[in-house]
Structures are given as structure tokens and as C-alpha cells.
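Asker: Sequence:
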Amino acid sequence: MADERTAAHPVGPGAVRLERRLAGPVERVWAYLTEPRLRATWLADGDLEPRVGGRVTLRFRHVEITAPDDAPPERYRDTHEHGHVASGVVTAWRPPTLLRHTWDDGDEASEVTFELREDADAVVLTITHRRLDTRAAVVSVASGWDTHVATLAARLDGSATPAYWRAFVASEARHATAFADRAEADGRPAGAATLLALDAGRHQLRYRRRVAAPSEAVWEAVAEPELRDRWYPAELRFQGHVGGWARERFADQPKPLPAGTLTAWEPSRRLAFTIEADPQTDSASIRHAQSVAIDLEADGEATRLTFTYTFGDRALAASVGVGWHACLDALVAVAEGREPTGDRGALRRVYDAWFVGVEAPEAPDTPDTA
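For the sequence shown, position 156 matches number 1373 in this note's numbering, and the numbering has no gaps at all.
The set of hints was computed from the structure by calculation and includes no laboratory data.
Incorrect hints may have been included.
Label-pair ranges, simulated between beta-carbon atoms [said to hold, decoys possible]:
1. D1512 <-> R1447: 17 to 23 angstroms
2. H1299 <-> A1440: 47 to 53 angstroms
3. D1264 <-> H1299: 16 to 22 angstroms
4. P1450 <-> E1281: 52 to 58 angstroms
5. D1374 <-> D1416: 50 to 56 angstroms
6. G1559 <-> A1248: 45 to 51 angstroms
7. F1467 <-> A1515: 30 to 36 angstroms
8. G1517 <-> R1454: 31 to 37 angstroms
Think of the CB as a built atom: it goes at the ideal place given N, C-alpha and C, for glycine as much as any other residue.
Can you make the complete structure from the sequences, with help from the hints?
Answerer: Here it is as C-alpha cells:
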């Protein structure tokens, strides 16, 4: 059975954390996290590009880290016999104390953080896995890390490794019971953003909504100033053609933000604009270049809306994530003919749990949106 000391616990919606003291030194533990040959002995083989923006590949072969007679649960038999590949992008790299990377790509990407710190003659490993979609995923991921880290601990101190699947099944039952009454073990709420890591240190928040209104009505709520003012907290105006300007001004700011440029203007289908970086601004959210895109797709009498916000400073992900989430809730309400409502405090707790990383402090007091 996995050591009880490795038990994970929820740290927010769709987020779990595990902490374990390991035999050091820290450089050795770091090697087991980052070098494919060593990582394969407790987790998965696969290349890792040692830089922010580098690719990560994890090739799981559970049959190679457990006893020959350790039979997997039926639902994992194919994974056990044929393996599984996950991939992602490095989002933090600070040897030998911090590694963070996404887990899988696209809208379903989660993110895992590994922290190491020396403590007397041991090394404390903290693993935080965020942005898990469902309670079942939270329990499964917690149990997986619980069992894999028990295997890592055995590799490091030279003791016998656990039979992986027997330990996993016991851990899963234990975590399912422990998390049963923990609301924070629930996964992603409807309409929440996915945070994606792009090349060159850029990041993207992506939201998907289904609006109970035709695309023409949604476009009107996006494009018409009178309706847009009901869901967006600044005065946002467009020159309605590709290459035209996009101008934004918040009531509490002494001057307008830098003008942007429309890169798409297709009524009832797509609106997109970019805003160049302004290194001299007091607003943290526009010290880096940013872009916004709203895509609409008819779905019978409804509309599928995809919203993407691309930006440079990951430390702002929680703050701008909350802002755009609230704006989109209000946009959907306006398009459907309802009055906008919402609780930003509850949203902030969710986004903090997902997006505020170990090295990224909460964003400074700036407007919640771009």
C-alpha cells in the first residue's frame, strides 16, 4: 500500500496537492524528475526540453514499474499492457527547485507543479496538480501521484517498491472517501477557462459557451456599443473593418489604453483585435502585447461561442481569467435577453486554485479584464 504520508489533499476547485519527504540530495531528486531514464523508474519515460516553452513527453509503461503478478483494474488494462502517452509544455523551469508543465494539450490541458526544498537531511517534494475537470479526475490524479511518489521514495532510499496497481486501488478508495464531503474536490465549473501555454512565453485563456440565441443576436451583443456596454466594464469601441482601430477606456483611468487594431470583422462569425505592448503603462495587463478573438458558430437556434485571450504575463492569469469569465457570463445573459448577474468572489477562488502558481503572485490591483 502507498505510504500514508503521501496522501494528497484538495487545495481548491479541481486542484490537489501532495507533499513527501524524500532521501536527498536535492540534485538527485531533481534528476529523477527531469531525466527520462530515471523518471521512467517511477513515473514515465520521455523527453523534456529544459526551458520555459519546451515540450514534455511522458510515455507511461506501468508494466515496467510494478511486479509481474500485479494485475491492473479492468478499466486500466489497456493502459497497463500498451502504455499511454501524455504531452505538454514547460511553464516554469528553475533547476533544481521548480518544474511546472501542462499535462496534455488543448482545452483539456491540466497543469502540474513540482517543488523541491531541502529540509535538514531530506528533500521535501510538493506536487500540485491543477485544472482537473471532474471529481473523478481529482480522485484519480490524487491516487496516481500518491502511488507514483511512493515508488519514487522507494527508488531513492533503496527499499522495495510497491506493487503499483494494488497500491493505486487502495489509494483510490482512500481518497474517494476522504474527498467525499470536500466541495473543493469538485472539478471545473461550466464555462470556465482553460489556460494554454504557447511558444515564446505567451499564454492563452480559452472559454467555450453555448448561447441560447441565434448568432445574429450574439453578434449584436458583441458589436453594438449600447449592448456591449451592458456586459463589458470599459468603454470599448471599434472601427468596423479589418485594419480599423479598437479603443478601450476604463472610467477610473486618466487616459485611454493604447489603441488596438481589428484583425477580423466577420458579422455573426468572428471578431478579433490586437493591442500592442505599452512598457510605460501603470496597467500590468498591457505591458505585454495581447489579443482577443470571439468566434461564433450557429448550432440550430443556438450559438457556440469560443473566446480566446492571448497575453504575456502568466502572473495575471487568475485576475484576467476572472474578469473575462464574468464578462462572458454577462455577454451570454445580454444575448439571451436576461439581466447579467454573478459572484466574482467565488470565481476568484476558483481561478486562484487553478492559475496562481508557486512562483506567480496574485496580480496587482489592475482592471480585471484586458
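Asker: State for each hint whether it applies.
Answerer: Here is what the structure says about each hint:
1. Checked against the hint of 17 to 23 angstroms, the C-beta distance between D1512 and R1447 comes to roughly 21 angstroms, which is consistent with it.
2. For the pair H1299 and A1440, the beta carbons lie near 50 angstroms from each other, so the given range of 47 to 53 angstroms is met.
3. Judged by the Cβ atoms, the range 16 to 22 angstroms given for D1264 and H1299 holds: they are separated by roughly 20 angstroms.
4. Our hint of 52 to 58 angstroms for P1450 and E1281 holds, since their Cβ atoms are close to 54 angstroms apart.
5. For D1374 paired with D1416, a C-beta distance near 39 angstroms fails the hint of 50 to 56 angstroms.
6. Under the hint 45 to 51 angstroms, the C-beta atoms of G1559 and A1248, about 47 angstroms apart, fit the expected range.
7. For F1467 and A1515, the hinted distance range of 30 to 36 angstroms is satisfied, since their beta carbons lie about 33 angstroms from each other.
8. Evaluation of the 31 to 37 angstroms hint for G1517 and R1454 yields a pass: the beta carbon distance comes to about 32 angstroms.
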